[in-house]
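Asker: Sequence:
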Amino acid sequence: MEQIVKDALDEAVERFCNGEKQSDDIILATVSAAISVDGFQQGDEVELSQFQLADPPISWRVKMQVEAGDVVRIVLSELFARDMARLRVQGTVHLSRRDDLMDNGGDADGDVDLGADSNESTCSSSSRPSQAARDHPLRGQRSPVVVVTDHPITIASVHRSAVSQVGVHMASFYLQPGQHLQDADKGDSSEEERCTEAADCDEVSLQMLARLSADFGHLLSTQGSSDVVLRVGELPVKAHKAVLVARSEVFRQLLEQDDRQGDDAAPPSSLQQLRIADAPREAFLKVLRYMYTADVSALSDCETDVLVLAARFGLTDLADECCRRLLVALDADNGLALDLLAFAEQHGVAALKARALLVVVEHLGEVTATQRWRDYKQRMPSLAADLLETAARVLVLRKP
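In this text, residue positions in the sequence shown follow UniProt numbering: the first is 1, and each later residue adds one.
It is possible that some hints are incorrect.
Claimed, not checked - Quick list of the computed label-pair ranges, beta carbon to beta carbon:
1. Cys195 / Arg231: 50 to 60 Å
2. Pro381 / Ala210: 43 to 53 Å
3. Ser225 / Gln257: 19 to 29 Å
These aren't lab readings, by the way, just hints derived from the structure by calculation. Each residue gets a CB set at the ideal place from its N, CA and C atoms; glycine is no exception.
Please build the complete structure, drawing on both the sequences and the hints.
Answerer: Structure, rendered in structure tokens:
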């Protein structure tokens, strides 16, 4: 939208300079005025030109101010538009030289052009500037491409002794919401609507997934329509083969293998039995609930056991979440480094092992002085080698 407005105003200025008719979307206002600088005293202020429109509301004024040191300043002020980004003001300040300066070979007059493409004003004349003009140079500031302030803007200043008359020729361009802008607005609105619709769809999807998770959690809790019994320790846990197979390739293979080895004499109505060995019951129940609901909110204090079971049953997302939580715990408490290092070494958790090794190296003297380290080193000799290798790499990196 901003680029469309800028391009439209650029085109309007070019049409104006070429004397061409403006498009229907442009409100063009031109004002010319001139005044003698004689007879004014320091502190005087006089309005040179002004423009005001009620609908759409647009207004601006050009004033002449006499300041200390006999400096005459031309000021563009009270700029206002319904949408300031669509307003551009530019023009020319005309400065008539005094007769005594012309007699000395000075310029007949000079113009300060308020263009739209520069930060400096230009003074054009027919001959070389006089000594008086060089002593009291014209100074000006072009109006900005897009007027975004209602603060007064000095567009030219000159010493009163150098000029007899000051004139202005101002032009303002205001871009109305034409058809091309309406189309752009519609495009922006359509994009906003699409974003809103997408956000609404995401919210609905999250609600539906939450409901699905709750329904499957209820199915697990009530054990309704269960068709398999998982024996974890001494107590059985009823489950549903369809869920286990859908969530874990390892469970699919275990159930199919158990089917092939099953007792042909078993009554058709009996539930299939599957023993889960070497699985802490509490951790396994959390893994099972995750398989039904994708809920990981209740993993606290058993992340290591759950990680081992998740890796065992091919639940990569759950294993990654447990590893992430253990890394957070390690950053919060360096005292866990040695135990987590041994755990990561035993179960092949590479990311956790790498981080734990660095933490142990940071506290190498403290760690290697403990009995726990000596016990771990004896049980897992590879830990000592890995620790020495990591320490050597750290020392090389830190070497100035």
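Asker: Check the structure against each numbered hint from earlier and tell me which ones fail, lowest number first.
Answerer: Failing hints: none at all.
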